[in-house]
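Enquirer: Below are the chains, spelled out letter by letter.
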Amino acid sequence: MAFEYAPAPESRAVVDIAPSYGLFIDGEFREASDGKVFKTVSPSTEEVLSEVAQASAEDVDAAVKAARKAFEKWSALPGAERAKYLFRIARIIQERSRELAVLETLDNGKPIKETRDADLPLVAAHFFYYAGWADKLDHAGFGANPRPLGVAGQVIPWNFPLLMLAWKIAPALAAGNTVVLKPAETTPLSALFFADICRQAGLPKGVVNILTGDGSTGAALVAHDGIDKVAFTGSTGVGKQIARTVAGTDKKLTLELGGKGANIVFDDAPIDQAVEGIVNGIFFNQGQVCCAGSRLLVQESIQDELLDALKRRMSTLRVGDPLDKNTDVGAINSAEQLARITALADSGEAEGAERWAPACELPGAGYWFAPTLFTNVTQAHRIAREEIFGPVLSVLTFRTPAEAVAKANNSQYGLSAGIWTEKGSRMLAVASKLRAGVVWANTFNKFDPTSPFGGFKESGFGREGGRHGLEAYLDV
Amino acid sequence: MSDRLSVLKTYKLFVGGKFPRSESGRVYEVTDSKGKWLANAPLSSRKDGRDAVVAARKAFGGWSGATAYNRGQILYRVAEMLEGRRDQFVAEVADAEGLSKSKAAAQVDAAIDRWVWYAGWTDKIAQVVGGTNPVAGPFFNVSSPEPTGVVAVVAPQESSLLGLVSVIAPVIAAGNTVVVITSEKAPLPALSLGEVLATSDVPGGVVNILSGKAAEISPSLAAHQDVNAIDLAGADEELAKALEVAAADNLKRVVRPQAVDWAADPGTGRLTAFLETKTVWHPTGSLGAGGSSY
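Same order as they appear, the protein sequences are chains A and B.
If you read the first sequence in this note's numbering, its first letter stands for residue 1, the second for the next number, and so on.
If you read the second sequence in this note's numbering, its first letter stands for residue 1001, the second for the next number, and so on.
What the hints contain is simulated information worked out from the structure, not anything from laboratory work.
It cannot be assumed that every hint is accurate.
Derived, one-sided and incomplete: chain A residues facing chain B with beta-carbon distance under 10 Å [what the hints assert, rightly or not]: (1) 143; (2) 428; (3) 432.
Each computed DSSO-like pair below joins lysine-lysine, with the alpha-carbon atoms no more than 27 Å apart [what the hints assert, rightly or not]: (4) B:1009 / B:1047; (5) A:136 / A:205; (6) A:433 / B:1058; (7) A:136 / A:36; (8) B:1036 / B:1185; (9) B:1058 / A:136; (10) A:65 / A:84; (11) A:113 / A:325; (12) A:240 / B:1185; (13) A:311 / A:325; (14) B:1058 / B:1213; (15) B:1124 / B:1036; (16) A:407 / B:1058; (17) B:1009 / B:1103; (18) A:240 / B:1241; (19) B:1124 / A:433; (20) B:1241 / B:1036; (21) A:39 / A:84.
Stretch by stretch, here's where chain B covers chain A in the computed footprint (C-beta under 8 Å, at least three residues) [as the list claims (entries may be wrong)]: (22) 233-240; (23) 243-249; (24) 294-300.
A quick note: this is a predicted structure, and the numbers were derived from the prediction, not measured.
Cβ coordinates follow ideal geometry from the N, Cα and C atoms, glycine included.
So here's chain A without its partners, still in its complex pose (with noise of 0.2 Å):
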């Protein structure tokens, strides 16, 4: 007889969500100037969570302006004393964090295990982080007396909204620069949240702005003239878009964009081990990780075996509420991100890839897509090339670490890899020949505010987190 688990909620009470926030603009909450709202809904049951202000072109111009006349103090204070605004909102973050987890995991649909033990526990640690360097700026390595570069104008994705934020703002703060920023479409409310946080932090105004809005208001801010520096994490797509917009401009710009990392299984692989870390570099946040290990290349002789302990696991993981502390995957972030990931599911299928899920009770209401695994894919199949963004892995086989690293690198991107052996010297020799911004070896889908993240090929340039995270934010 299987055990059957007994639903194990976490409390929506901790959080208090207001029917209708405005926008953040020098450090007031205002309305759009047209009055323009939009909703927001929770994607593991489309009930409306609140309605945000859609910000115009005129909105962006008040709030690049905000920026530009804070950015004279701000970057004049000294340096220790920016330090302590961002270890102060690093204490405020942990202490709301339970409520941030909650609301996060409301608005975005990741299970409340991944906001709770991953997402905020990085977004408070990388505040923390930055706030040291703050006051050390001269020690960086940059030369004496570095400068902040003024206004950053910052849009973020859906997928890991919070800590999107940690990684624009707190290096932009420390190394003296105000910024805009624009948090995704889908997934406002954690941004609007922090606002408070900055306001409990005492913050300046006009350090922080926060203007929720479509695409719309991210090209209005990237286009805008007042600002300095254009920090983008999202899809190849707009980044090149974006990219062209800033050309023949001052503006310095770093892009985090997609991926369609390969995680590499060698016949001498502890492959309990490796299963685990294939299934979290997959199924982690639904899959909707630009890091996302999607691509398994396994060494054909040991296909079966992983793959029969693959299926395994997979038929364990638990999909539904994202409020369920025992919940593996949640809800799919959006009804658009859905269609595409079932049409990119569907060509794998067309084009002759074998699809396979594990029997799983998707509920009723929401956007939900099974864990789901091809085999028999070839390097031509589109759901072995384009990033699909959702629990949908592409399988693969080799024969010799040549043949790995030449299928692993057969990509337009070049964001992570994963290689599992036990061999040393076998994963050193692959790991240099991966043309990819983050080598997991025997692990995966790891993070660290000290540890540089970001890509090689048209995954983007410049790097988050570290020392090197601070470059994107100086005058250097």
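For this one, chain A is given, so just place chain B on it according to the hints.
Expert: The following block gives chain B in isolation, referenced to the frame of chain A:
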């Protein structure tokens, strides 16, 4: 003095370690600052540019895989060869830029010294910009710089040798390969540099030198899907913007044109512009829950 007629040099491109003419069969007249004919230089075509990218890509694996020590030795060898041809380059730079002999000599000397500067950087930059990261968990985590790939360079228009060396030496010091478009009106020192490189143990294809019009050749390099980065040093404002837009198609790393004093300390900016940071994680495991390890 006899009235012996001198032997003129046919200036040719340097691509894949060989000295081809332009596939287009075209040349253009190069004169000194007073309008006196110096030579006919190849007027490179877009096809020459594509051929050069193929050569540069072919050379990338070997060059990027060479040890940093080896690359440093080879760059130092370039300085040695250039020093040996100093008089020739002084004359060419004087003609090309309309400089007195002593001013031209200063340019050539600085260019030689620049090769020495970058020769010394090959095995040091990784320690300056890389290192281990103290992550909050049981992992060994190390970041190291790796070359971006094939880099297209629009060389400075005014500084025919020092400017040129200042933009190509950092690219190859970092382990990349390069396709460079020389100064349009003063290409001869650059084309002669090909002869120096060919005798310096620089593998064929690591440096590829094209003379001609940047406005004609560079757009297809900027749009080329097998070029990873572009240095716009010698492009005017209008061309630079067009090239940056084209470069966005495959998200090339772009160095925008800026006012540079080529004689000044070059710093590390042109090295790091063409380096990618790779970060590798590995679990450290545990030797058990013991206390003191002594």
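Enquirer: Next, verify each hint and record whether it holds.
Expert: Here is what the structure says about each hint:
1. 143: Given a least distance of 8 Å, the restraint on residue 143 of chain A holds.
2. 428: holds, 8 Å
3. 432: This interface hint holds because 8 Å falls under the 10 Å limit.
4. B:1009 / B:1047: With a Cα-Cα distance of about 24 Å, the restraint between residue 1009 of chain B and residue 1047 of chain B holds, given a limit of 27 Å.
5. A:136 / A:205: holds, 24 Å
6. A:433 / B:1058: holds, 16 Å
7. A:136 / A:36: violated, 43 Å
8. B:1036 / B:1185: holds, 13 Å
9. B:1058 / A:136: violated, 43 Å
10. A:65 / A:84: Answer holds: residue 65 of chain A to residue 84 of chain A is near 25 Å, not above 27 Å.
11. A:113 / A:325: With a Cα-Cα distance of about 6 Å, the restraint between residue 113 of chain A and residue 325 of chain A holds, given a limit of 27 Å.
12. A:240 / B:1185: Roughly 34 Å between the alpha carbons, so the hint for residue 240 of chain A and residue 1185 of chain B is violated.
13. A:311 / A:325: With a Cα-Cα distance of about 23 Å, the restraint between residue 311 of chain A and residue 325 of chain A holds, given a limit of 27 Å.
14. B:1058 / B:1213: holds, 25 Å
15. B:1124 / B:1036: violated, 45 Å
16. A:407 / B:1058: OK: residue 407 of chain A and residue 1058 of chain B at ~18 Å, within 27 Å.
17. B:1009 / B:1103: holds, 24 Å
18. A:240 / B:1241: holds, 15 Å
19. B:1124 / A:433: OK: residue 1124 of chain B and residue 433 of chain A at ~21 Å, within 27 Å.
20. B:1241 / B:1036: violated, 34 Å
21. A:39 / A:84: violated, 36 Å
22. 233-240: holds (count 3)
23. 243-249: That given contact holds, which follows from 4 residues of the region 243-249 of chain A lying within Cβ reach (below 8 Å) of chain B.
24. 294-300: violated (count 0)
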